[in-house]
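> Here are the chains, one letter per residue:
Protein chains: 2
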Amino acid sequence: MSSPLDAILRPKSVAVVGASARQNSLSYQILHNLIEYGFTGLIYPVNPKAQVLHSMKCYSSVAAIPEPVDLAILVVPRDAVLEAVDDCGRKGVKGLVVITAGFKETGPEGAKLEAELKQKLGIYGMRMVGPNCMGVINTDPDCRLDATFSPTFPLDGNAAFVSQSGALGVVILNLAREVNLGLSYFISMGNKTDTSGNDFLEYWAEDPRTNLILMYLESFGNPRKFVQITRALTKQKPILVVKSGRTVAGARAAVSHTGALAGTDVLIDAMLDQCGVIRAGSVEELFDLGIAFAKNPLPEGNRVAVLTNAGGPAILATDALVGHGLKMASLLPETTRRLKQRLPAEAAVINPVDMLPAGDAPMYEYASDLLLRDPGVDSLVVVFVPPLMVHAMDVARAVESVRRRYAKPMVGVFMAPEEFRAELRQAMPDHMPMYPFPEAAARGLAALERYRHWRAKPLGQVRHFHLNRERVATVFERVRAAGRAQLHLDEAFAVAEACGIPLARYKVCHSAEAAEKAAAEIGLPVALKIASGDVVHKTEAGGVALGLATAEQVTRAYAGMVRQAHHKLAPPGGEGRVIVQAMVPGGLAPHSAGRETILGVTADPHYGPVLMFGLGGIFVETLRDVVFRMVPITDADADEMIRQIRGHALLEGVRGQPPVAFGILRESLERLSQLVAEFPEIVEVDINPFFASPDPQMCRAVDVRIRINL
Amino acid sequence: MSSPLDAILRPKSVAVVGASARQNSLSYQILHNLIEYGFTGLIYPVNPKAQVLHSMKCYSSVAAIPEPVDLAILVVPRDAVLEAVDDCGRKGVKGLVVITAGFKETGPEGAKLEAELKQKLGIYGMRMVGPNCMGVINTDPDCRLDATFSPTFPLDGNAAFVSQSGALGVVILNLAREVNLGLSYFISMGNKTDTSGNDFLEYWAEDPRTNLILMYLESFGNPRKFVQITRALTKQKPILVVKSGRTVAGARAAVSHTGALAGTDVLIDAMLDQCGVIRAGSVEELFDLGIAFAKNPLPEGNRVAVLTNAGGPAILATDALVGHGLKMASLLPETTRRLKQRLPAEAAVINPVDMLPAGDAPMYEYASDLLLRDPGVDSLVVVFVPPLMVHAMDVARAVESVRRRYAKPMVGVFMAPEEFRAELRQAMPDHMPMYPFPEAAARGLAALERYRHWRAKPLGQVRHFHLNRERVATVFERVRAAGRAQLHLDEAFAVAEACGIPLARYKVCHSAEAAEKAAAEIGLPVALKIASGDVVHKTEAGGVALGLATAEQVTRAYAGMVRQAHHKLAPPGGEGRVIVQAMVPGGLAPHSAGRETILGVTADPHYGPVLMFGLGGIFVETLRDVVFRMVPITDADADEMIRQIRGHALLEGVRGQPPVAFGILRESLERLSQLVAEFPEIVEVDINPFFASPDPQMCRAVDVRIRINL
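Protein chains in written order, with our numbering: chain H, 1 to 710; chain D, 1001 to 1710.
Hints listed in this document are in silico derivations from the structure and should not be mistaken for laboratory results.
One should not assume that every hint holds.
Stated by the list, open to error - Here are the simulated lysine-lysine pairs, DSSO-like style, with alpha carbons at most 27 angstroms apart:
#1 LYS1091/D / LYS1120/D
#2 LYS1237/D / LYS1457/D
#3 LYS340/H / LYS1120/D
#4 LYS112/H / LYS1340/D
#5 LYS1091/D / LYS340/H
#6 LYS517/H / LYS507/H
#7 LYS1340/D / LYS104/H
#8 LYS1012/D / LYS1057/D
#9 LYS507/H / LYS225/H
#10 LYS12/H / LYS118/H
#11 LYS120/H / LYS12/H
#12 LYS1104/D / LYS1225/D
What the hints assert, rightly or not - Quick list of simulated restraints, FRET-style, between CB atoms:
#13 GLY1653/D / THR474/H: 37 to 47 angstroms
#14 GLU552/H / ALA1520/D: 31 to 41 angstroms
#15 PRO525/H / ALA1549/D: 30 to 40 angstroms
#16 ASP430/H / GLY1460/D: 37 to 47 angstroms
#17 MET56/H / GLY1325/D: 51 to 61 angstroms
#18 ALA50/H / ASP1394/D: 52 to 62 angstroms
#19 ASP1394/D / PRO429/H: 44 to 54 angstroms
#20 THR1040/D / VAL266/H: 41 to 51 angstroms
These numbers come from a predicted model, not from an experiment.
Where is the CB? At the ideal position from N, CA and C, for every residue including glycine.
Model the full structure from these sequences, guided by the hints.
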């Protein structure tokens, strides 16, 4: 494998530009870390004002270094950065890590400087991490690069970590050390001017030392590329993400239901879910899950055994495991029998297996071996609360020896004082994931199981349908020509039809006579709707009349509509079109022919178009029972969307009612996904209500709203 | 204040019965703790086999002690416990703490022994903690009683802690020490044979040293008494509870919707909520909340400021605070102006206030003072990530000095290595609540705010209505006489009517002619329902006919019903009653006259009757949009129940639809509450659907199912 990022991540030689002799300075600490951690290549301090630094010859410039330089770490003052980049560029340096801050994070002036910096990268063909970052680490014994100012060295291991926050970077390295999580790489990305999360994901996809990726992100620079990379990569390597900034209010003003419900954080959840990326709610949880992945194989099922010496924590563990959807394993009679042979008479030999305070190290060893051997047990939680006579380290050693014999996940909940954790860290760095509380252990095991599911689950296919593209394009052209963003109802119907979404039968009419004729053709009762204006305004302005049962009612409604509503709604000089539509008996009641659902799209300016499905009609606003997926969706995604709403049972049918024609619903979602993928000018779609019915012929959209970019 | 529990919790003299010289034994550790912690009274070791223990005269029996003994700690073998109790009883000892295990937790033999033990308490007029416990602690300087085998001594303070798990007791005392949570009392309750949580709550209600109560519970011995005590006590002192055993499957087989939805854990949530008791999801969270309460005044509002030296953690803090419903404070212009005077030019002087890594101890002091002084700030989160040049302890000291000047909550998120926490513990035991992660800090502040709300909220009144008690009693007698538990429909209607719940107009008929006449009186269309059998069976057996629009349809339906359904449903020899009922146009659609709700009751054998309210009809099963309250409810409870369902907006009215007559709904809930409070034989009630309508006259129950105890 060879990548332009190698210059940054696997350099043979490193220059520290702006190296200083002043202790407690960032540059001093970086040079110190490079040396102390034992970088396997050559280090060149660069500082025109010094001759020697850290007992090494100090160069006045990068150009003055006689040998080639792969990577330069810039720790110069902000206003010296561009000059230093030129110095590096002329030397042929291909990798930069810019620690220096004061760029776009400080305002327009800094942003301008950052743009100039980026331009220079292009000129010299360099890649860069930063600026405003805390550096990079590669723990490969062949490289041993710690180009950060972190006071803690990482343990080496197989988890790659990337952080968008420098300050959290320091915290992360401390935490990784405290829980003995070994890292392959650590990267503090800073302002992500040149390289970002996606670049490192691609790099680590190919890296044999990395089998787990942890990310702290504050933004997605290119969410669509992130989706594309991770959807494939997560099938090989688990990716755990903390995405902060959940509550930053979106500036987008949404007029559709779909838009109103699709908060940015909801979109991110949907996106990560769809990519098999596991989202942790906090940095703490990221580590809880991270150690579970780093130190365990995947389970083969969801059946967990708990081994304990105390009842209370075992109850808490059971609560948490079952709460996460895991199952308490049923033990084989043979396991129970053999446990009885050795455990105290009062011990509980069902699951949780409670050995009481008498449970000492040999008993933990014996019982954990029996439990892991039991084919009905997929993973094991070992709980230990120190009684007076039993030492936590002895128990840890005993169960650790058993763990190595089985390819099953095992996690520890050792509720011992801090000193134990420090001792364990020293004595047995390769220990099982160790949690101070049962809830965190359960979270870890649950994430393993969830990931196993993701790996096993077919992604499905993005199916392709025949859409009448010309008809859609023609409508959009006409709307744009009229200077409108919002489609009239008949236009929206035309687009839906061209997309293959079934609609309640309708006719566009320009006269009372035509309306009467259309009503007779369609069959009474019918609805009359004025074509212009949106639904809410239409209703208020008298532009909608429902349940017209006679020809006379149709004529009268037509006249009233044209008289009252038209001048309020139609654009000046616009034509007065009225739509006659078949009434679809709806609602969610068992006797309804159709159950109201909504199919929607909203295009986030940053994340792109998102599909929504949920209970429709008035339920959208009130129950908010909806799910989202990024476009394009696969057939499997469509199926999952329909299953995931709370009200799914209503679609399956209650009280003997037959299920709706799910095939039509699925295909309509897929077609809508294809439509917005092919027509990126679509900003919002609400198909609401879409009546889902047991009879495929009765599955019909009644109202469609579409908004496009002008 | 004086209480029988004083003998246990404030003794003047203590005998340790079963004291041993063997180190690492429980009794050795207890004697050691009593002495080392500095018990202010007299200690008497009791052991017939020793002369001296811990340099103290050892007595052969409690009776042999010349002076009076208030409390005896029993650490004798299980089979010697009863004899030791007799020894104590004869001496006039009034308090026992039985450490010894092997009682009801081990099976029937142990349970028998425990019953005998309990009997003896009555005979001698003693109170007891345990058996199977780890002892009790009172940190009052006047007493200083540590009668446990915990290796850690508590700090003294104002939080009382009671634990149902001995093993977790050790963990709890360690944790309290690690986070510097000072305790007034600690009690390990063991098997709760004589004293339980309720006793200690009552004791601490009157205790001036206790202003916060923390509980770890695995069961509620007397939930109704718990409700009664805590509903008043939480208005004075916050109570935080971890209740484990969430997932223990209830053995109760429920036939009603209400019963099916009221899982035990749901009931406990409802109960705690109703009592203002704050439930923590884990022991870890209990401490996160506990230190927030122990070390802070209550806030005066929900506006929080964040002060930080790093962006990432501040974003995480903002996410967590807003996620918990708190608000980011808007700073006064004056505050912003003065922050600008002193903070670096690139610092963010809006909230969160980010001083960048340049933020040192004096700057933290300056800024935190300004923020706490700002009247728009109700509480403050201080975030600190250690940069190279700034020491965490200096910052902690600086902000601590400011904290003491303001009566506002302040919490710290110091993301520093473990060593800092150890140093802080030593140097400044009285420090602010200190969290390693922002999410825990936000949880703490959110709990303070939630509790402030509870304190401010009127509990409301249990209103009394006139119920026709005789009519209800008569129906129940008749049902019981027939050997039935399930009421027939007409009987259930009669009870609902007697209770004052409005019903759709109906008549009970015994002939086709009567049915036809009733239909004419009520007004067509009508529904016909056979009186016997439950709804589901009735429908399947043809015992329900809806929307009968003509007299002929009524007559035909009656005949069919009697022919087809009756022999399947009516009890042998039972009379064949058919109910003619007005049709109520329903559904949740805007055009419906009534919106379907459910009012229900289920009586948990342990927790007593619980009221349920939610969306009714088929939505009960599918959307499960329901809330629960223990009976009796107040008017305020009824109001809250209606507001708390997700679908509340449907009742308020969407798209211009008027709100339902909430008064009728509230009163019906209150009346139902009174009914089940007055008739404890009621096991289950489902009033479903209850049509809630804007017109009070149209608010009507259509189906009522009631089951009683035989």
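> Against each hint, give a clear statement of whether it holds in the structure.
Do the hints match the structure? See the list:
For the hint pairing LYS1091/D with LYS1120/D, the CA-to-CA distance comes to about 14 angstroms; that is within 27 angstroms, so the pair holds. Straight-line distance between C-alpha atoms of LYS1237/D and LYS1457/D comes to about 15 angstroms, which keeps the hinted pair within the 27 angstroms bound. Using a Cα cut-off of 27 angstroms, the hinted pair LYS340/H and LYS1120/D is violated, with the two alpha carbons roughly 35 angstroms apart. For the given pair, LYS112/H sits about 24 angstroms from LYS1340/D by alpha-carbon distance, which is consistent with the 27 angstroms threshold.
Taking the CA atoms of LYS1091/D and LYS340/H, the gap is about 43 angstroms. The hint is violated against a cut of 27 angstroms. Simply put, LYS517/H and LYS507/H have alpha-carbon atoms about 10 angstroms apart, close enough for the 27 angstroms limit, and the pair holds. For the hint linking LYS1340/D to LYS104/H, the alpha-carbon distance of about 20 angstroms falls within 27 angstroms, and the restraint holds. With a C-alpha separation of about 18 angstroms, the suggested pairing of LYS1012/D with LYS1057/D holds against the 27 angstroms cut-off.
Restraint check for LYS507/H and LYS225/H: not satisfied, since their Cα atoms lie roughly 43 angstroms apart, outside the 27 angstroms limit. With a C-alpha separation of about 24 angstroms, the suggested pair LYS12/H and LYS118/H falls inside the 27 angstroms cut-off, and the hint holds. Simply put, LYS120/H and LYS12/H have alpha-carbon atoms about 23 angstroms apart, close enough for the 27 angstroms limit, and the pair holds. This hinted pair checks out: LYS1104/D and LYS1225/D have alpha carbons roughly 23 angstroms apart, not beyond 27 angstroms.
Here the CB-CB span from GLY1653/D to THR474/H is close to 41 angstroms, well matched to the stated 37 to 47 angstroms. GLU552/H and ALA1520/D have their C-beta atoms about 33 angstroms apart, which keeps the hinted 31 to 41 angstroms range intact. In this structure, PRO525/H and ALA1549/D break the distance hint of 30 to 40 angstroms, their C-beta atoms being roughly 18 angstroms apart. The hint said 37 to 47 angstroms for the Cβ distance between ASP430/H and GLY1460/D, and at roughly 59 angstroms that hint is violated.
About 56 angstroms separates the C-beta atoms of MET56/H and GLY1325/D, a value consistent with the hinted range of 51 to 61 angstroms. ALA50/H and ASP1394/D have their C-beta atoms about 31 angstroms apart, which leaves the hinted 52 to 62 angstroms range violated. Between ASP1394/D and PRO429/H the CB atoms are about 32 angstroms apart, so this pair departs from the stated range of 44 to 54 angstroms. For THR1040/D paired with VAL266/H, a C-beta distance near 60 angstroms fails the hint of 41 to 51 angstroms.
In this structure, the earlier hints numbered 3, 5, 9, 15, 16, 18, 19 and 20 are contradicted, and the remaining ones agree with it.
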